[in-house]
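**Q** The primary structure of each chain is shown beneath.
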Amino acid sequence: QKEVEQNSGPLSVPEGAIASLNCTYSDRVSQSFFWYRQYSGKSPELIMSIYSNGDKEDGRFTAQLNKASQYVSLLIRDSQPSDSATYLCAVPLAAGNNRKLIWGLGTSLAVNP
Amino acid sequence: EAQVTQNPRYLITVTGKKLTVTCSQNMNHEYMSWYRQDPGLGLRQIYYSMNVEVTDKGDVPEGYKVSRKEKRNFPLILESPSPNQTSLYFCASSFRFVRGSGQQASTDTQYFGPGTRLTVL
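Protein chains in written order, with the numbering used here: chain A, 1 to 113; chain B, 1 to 121.
Pulled out of the complex, with its shape left as it was, chain A reads as follows (with noise of 0.2 Å):
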């Protein structure tokens, strides 16, 4: 059973903070992973992908990927109430014809003004 976890938290930081969040993933062979956000009630939504080893920065954002650690982290810098949200981390998996998400089941962030 191919398996990804994160610390579900809450993890707590204040406002202007980095905030990090991490996962690791059991697939030895994932090629890609996924951050998606989910505020309360509502949808995930994707704000980060990672296909190679090393940091990607996005604005505010920067994931970073050690596919010989299976793990990946998200860092989110100068955080914001807005930042406030479930953080999923996702890794794709091949099964037959389905090339589905294998889904953390998310990191709670709290950003305390």
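Treat the hints with care, as some may be off.
[Stated by the list, open to error] Restraint ranges, calculated between C-beta atoms of paired labels, are given here:
1. B:Glu-79 / A:Glu-57: 31 to 37 Å
2. A:Ala-68 / B:Ser-80: 47 to 53 Å
3. B:Met-27 / A:Ser-32: 17 to 23 Å
4. B:Glu-70 / A:Ala-110: 38 to 44 Å
5. B:Lys-17 / A:Leu-75: 32 to 38 Å
6. A:Ser-40 / B:Leu-11: 15 to 21 Å
7. A:Ala-68 / B:Thr-22: 42 to 48 Å
8. B:Met-27 / A:Lys-42: 16 to 22 Å
9. B:Asn-84 / A:Lys-42: 39 to 45 Å
10. B:Glu-1 / A:Gly-41: 20 to 26 Å
11. B:Lys-69 / A:Pro-14: 49 to 55 Å
12. A:Ile-18 / B:Asn-73: 39 to 45 Å
13. A:Ala-68 / B:Asn-7: 44 to 50 Å
[As the list claims (entries may be wrong)] Capping the alpha-carbon separation at 27 Å, the derived lysine-lysine pairs in DSS-like fashion look like this:
14. B:Lys-18 / B:Lys-69
15. B:Lys-71 / B:Lys-57
16. B:Lys-71 / B:Lys-18
17. A:Lys-42 / B:Lys-57
18. B:Lys-18 / B:Lys-57
19. B:Lys-17 / B:Lys-65
20. B:Lys-69 / B:Lys-17
21. B:Lys-65 / A:Lys-67
22. A:Lys-42 / B:Lys-18
23. B:Lys-57 / B:Lys-17
24. B:Lys-18 / B:Lys-65
25. A:Lys-42 / B:Lys-65
I should point out that these hints are in silico values taken from the structure, not numbers from a laboratory. Model, not experiment: these values are computed from the prediction. C-beta: ideal position from N, C-alpha, C; glycine also.
Based on these hints, arrange chain B on the given structure of chain A.
**A** Same frame as chain A, now just chain B:
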């Protein structure tokens, strides 16, 4: 505006009363999928469809049916709802993954509908 729509957004029903949750996308996506989300269990795939008239079971298909008669629509049918189907349901769509063509069209970037909160009494 590119979007995935679902209806109804909220529904309270009783055990055994057939219901349909509609899903429609306007992005010409081949791949569509239904998920349910429950506390502590995360997002679990119910059914998926690779294209018109092509559907298959996901991880938790029991008690659900789907159809894909048109590319844009992918309704979820509960023939005889039970209380354990009380959940938050999401429809999602994306382009179909294509291997080796140079075209980076993937099922991975999924676009979600707004969700349907279903309560079965």
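**Q** If a hint holds in the structure, say so; if it does not, say that too.
**A** Here is how each hint holds up against the structure:
| no. | hint | verdict |
| --- | --- | --- |
| 1 | B:Glu-79 / A:Glu-57: 31 to 37 Å | violated (48 Å) |
| 2 | A:Ala-68 / B:Ser-80: 47 to 53 Å | holds (49 Å) |
| 3 | B:Met-27 / A:Ser-32: 17 to 23 Å | holds (20 Å) |
| 4 | B:Glu-70 / A:Ala-110: 38 to 44 Å | holds (42 Å) |
| 5 | B:Lys-17 / A:Leu-75: 32 to 38 Å | violated (48 Å) |
| 6 | A:Ser-40 / B:Leu-11: 15 to 21 Å | holds (19 Å) |
| 7 | A:Ala-68 / B:Thr-22: 42 to 48 Å | holds (45 Å) |
| 8 | B:Met-27 / A:Lys-42: 16 to 22 Å | holds (19 Å) |
| 9 | B:Asn-84 / A:Lys-42: 39 to 45 Å | violated (24 Å) |
| 10 | B:Glu-1 / A:Gly-41: 20 to 26 Å | holds (21 Å) |
| 11 | B:Lys-69 / A:Pro-14: 49 to 55 Å | holds (52 Å) |
| 12 | A:Ile-18 / B:Asn-73: 39 to 45 Å | holds (43 Å) |
| 13 | A:Ala-68 / B:Asn-7: 44 to 50 Å | holds (46 Å) |
| 14 | B:Lys-18 / B:Lys-69 | holds (20 Å) |
| 15 | B:Lys-71 / B:Lys-57 | holds (18 Å) |
| 16 | B:Lys-71 / B:Lys-18 | holds (24 Å) |
| 17 | A:Lys-42 / B:Lys-57 | holds (25 Å) |
| 18 | B:Lys-18 / B:Lys-57 | holds (20 Å) |
| 19 | B:Lys-17 / B:Lys-65 | holds (14 Å) |
| 20 | B:Lys-69 / B:Lys-17 | holds (23 Å) |
| 21 | B:Lys-65 / A:Lys-67 | violated (38 Å) |
| 22 | A:Lys-42 / B:Lys-18 | holds (25 Å) |
| 23 | B:Lys-57 / B:Lys-17 | holds (23 Å) |
| 24 | B:Lys-18 / B:Lys-65 | holds (11 Å) |
| 25 | A:Lys-42 / B:Lys-65 | holds (24 Å) |
Hint compliance for this structure: hints 1, 5, 9 and 21 are broken, all remaining hints hold.
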